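So you can see what is in the structure, the chains are spelled out below.
Protein chains: 2
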Amino acid sequence: MEKISVKAARLAEAIGKQVLVRGWIRTRRDSKGGFSFIELNDGSSFASLQIVADGSLSNYESEVKHLTAGSSIAVEGEVKASGGRGQATEVLATKLTLLGGADPETYPLQKKQHSLEKLREWAHLRPRTNTFGAVTRVRNCVSRSIHNFFQEDGFLYIHTPIITASDCEGAGAMFRVTTLDLEKLPRDGSKINHALDFFGKPAYLTVSGQLEGEIFACSLGKVYTFGPTFRAENSNTSRHLSEFWMVEPEVAFNELTDNMDLAEQFLKRIFKDALEQCPEDMAFFNEHYDKTTIETLQKIVVTDFRRLPYTEAVEILEKSGEKFEFPVKWGIDLQSEHERYLTEKHFQGPVILYDYPRTLKPFYMRVNDDDKTVRAMDVLVPKVGEIIGGSQREERLDVLTQRMGEQHLNPDDYWWYLDLRRFGTVPHAGFGLGLERAVQFITGMANIRDVIPFPRTPGSAEF
Amino acid sequence: MEKISVKAARLAEAIGKQVLVRGWIRTRRDSKGGFSFIELNDGSSFASLQIVADGSLSNYESEVKHLTAGSSIAVEGEVKASGGRGQATEVLATKLTLLGGADPETYPLQKKQHSLEKLREWAHLRPRTNTFGAVTRVRNCVSRSIHNFFQEDGFLYIHTPIITASDCEGAGAMFRVTTLDLEKLPRDGSKINHALDFFGKPAYLTVSGQLEGEIFACSLGKVYTFGPTFRAENSNTSRHLSEFWMVEPEVAFNELTDNMDLAEQFLKRIFKDALEQCPEDMAFFNEHYDKTTIETLQKIVVTDFRRLPYTEAVEILEKSGEKFEFPVKWGIDLQSEHERYLTEKHFQGPVILYDYPRTLKPFYMRVNDDDKTVRAMDVLVPKVGEIIGGSQREERLDVLTQRMGEQHLNPDDYWWYLDLRRFGTVPHAGFGLGLERAVQFITGMANIRDVIPFPRTPGSAEF
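Chains A and B are the protein sequences, given in the same order.
Okay, so the first sequence: first residue is 1 according to the numbering used here, each after it adds one.
Okay, so the second sequence: first residue is 464 according to the numbering used here, each after it adds one.
Because the hints were derived from the structure by calculation, they are not lab data.
If you're wondering where the values come from, they're calculated on a predicted model, not measured in any experiment.
A couple of the hints might just be wrong.
Computed cross-link-like contacts, BS3-like style, restricted to lysine-lysine with a CA-CA straight-line distance of at most 27 Å [to be verified]:
#1 B:Lys664 / B:Lys762
#2 B:Lys654 / A:Lys201
#3 A:Lys184 / B:Lys654
#4 A:Lys372 / A:Lys319
#5 B:Lys762 / A:Lys201
#6 A:Lys191 / B:Lys664
Model the full structure from these sequences, guided by the hints.
Here's what the structure looks like:
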């Protein structure tokens, strides 16, 4: 008796084997011939396994005929060739054991379709649905693909800190982390005495591992981070989370063109792996959530990403004749409508914009010889807009210090970051990809809260 | 001209190639014959690459002869066979460009040995040392090995939440996460109005992803988490961090024996990969930090872990004739001295203890038929003691509810956890491994602060 997954039992190779399969019942229907068909799912694949349970089972009348959706069972039997549509095999049960029932009066996931909003309230049960099983497998595939892409190329995975005492990262509003008793805050005169907090000063949740990633790139060459990051902004949109996972590669000796090459290869690899390794899940998303997602990904995988400077993009937008809500001129931050015009109408594919106005971008991006632009790059894709943001970093100590001055930052707060430019400085570049944005793009799910197990958003940190 | 890593240039296959290598200078020594040897490291391997730079370089007198440790350079030249000890190749430079100097008057990492304590203050530069380069590569190897082990076996990687509004996990003291202005706390009468905090109620940093992991195991079968976890305890020891990375597999239908099998295979795989994939780094640790580490790991990889019930372990300890600081009797929590006696003296190898007294363990561990013990397991290894803790989980709703009562927990706080037992409950089991403890064990590093990039401990959250 071989313990086997639903995925393995569905393969033609399994025919003839005596197996034990376990999982949760999706549906049961009884035939007039005195037997029942049970659809059994265990998460190993999108498709369920058909179990044929007949009257020869000792508990057929007493249990099998009363099995309900959501119940867990163990089935012993032989894998047989199946005449059913969409399945090569089925299991003819010789023994069926009910492990745990699910009262149809109270089990929330009944056969009727539930809204995605409603399922968020049942985040502890939604992985049992087709949609969230598929999201979980695709998200897993993308995560694995991210690690494989970098590991195969000799990158080192670095765990940059989650708690940071620098409130100077500047990428967004931060959450405070504290062990102070808020009802009895220690005071030094009239002010709170932060020296008595856990870390001896105020501490926050990180908004990016980039600066710490640069430390490792500037000593060990090729590195990447992949961990949670946080934004305390009060954004209630379908594209924002307060807690999300970010991937940030950083490479010594890379210049902006190398960075674009890396980002393009990286995205293509992730999309390709999702298409190849999750075909059933992707077919489901394509059918039920976004009829164009497979075609879009297939096209991106084989298309060279168009690369053009911000300045040229602005010219294209100005000449487009389109009526934009936000008028275009050199120096503005491009809006979603502009990005979508470029990727969906003008180029009909992914675009990498680079060399943005220095006033739009953070202090650490390398200043170009024109003194007006910096070596920033954004990768834009149809429907979603920006999916990757990155830059070549400023490796010249004097220019970096000057840029910090322009942005009213105190160099003392960045002493260690500046040290990287004092001692053996090197050109280097990197970028960031939000995992959830990538999974959203691949699956076509409209709301980012539906591509993370337990979304954290303003007012909500359930489960 | 091929861009090549130090690791690749050190291979005999590279001989004859025209290459470009870039990295940081470890040492330079000049020969009387009018040439210099430079040891170049780029993080791709423990060993450095020997560069031979001679008087034919146009900048030999002006620059090469003044190059200092920590400077970054780019070298073009041919890979030649080397007569030097411990190296198959060297590069004869035809062009050498200084990218960034490092003033020997101010560069902290001079040739003399620095203490590990001192290097913690220079955490932005310590990855440039032999020790922290090796730690980073081994840590990366272990992290990759963790993912590979689970992915190859069909586990799904789940990102359980970092911020949680349940203060009921019970595994340790928690950090509060807040956006309230501590100087102007909103009040509702005399009490702080937590409803105005970001998530509408008090929120904390997670101490474990287990309970959320169980949600996914109880719908998709085999899952694991791998992410940061937090402890707000004021522990200043060589084995505690306030922020560390934890791996937590959780498997539906697994019972305690399956859980032990999984833990044993898992540890062996990690140790084997470190030995096989980081031989130079491991040789370094074995020589400089722990003369027994390679031998210990090699032995563990081929030894069956001894498994015995807590009750038998107590009997062995009672009969041992050893004088323990903490006297042994049934019902006590085993101390480090007891664990070390078992692994180092009595069994001389790893031990899995199981079936602990119910009073010692959390509510979610499955109660045995004897009603006195629960299906807990701890994997103990020599020198370190407990490296893995886990259990079969209580899948029976009535027993679980009763256990919560014993431990004065409110079932309403765990409504979703109890739902997993209400609807299609299944036997399941899992365990947790602290990444840093594992890396500490493998490398033999004495202090856990030296196996994580930027340690967070009471009073310290630098970088």
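Any hints this thing doesn't respect? Which numbers, in order?
1, 5
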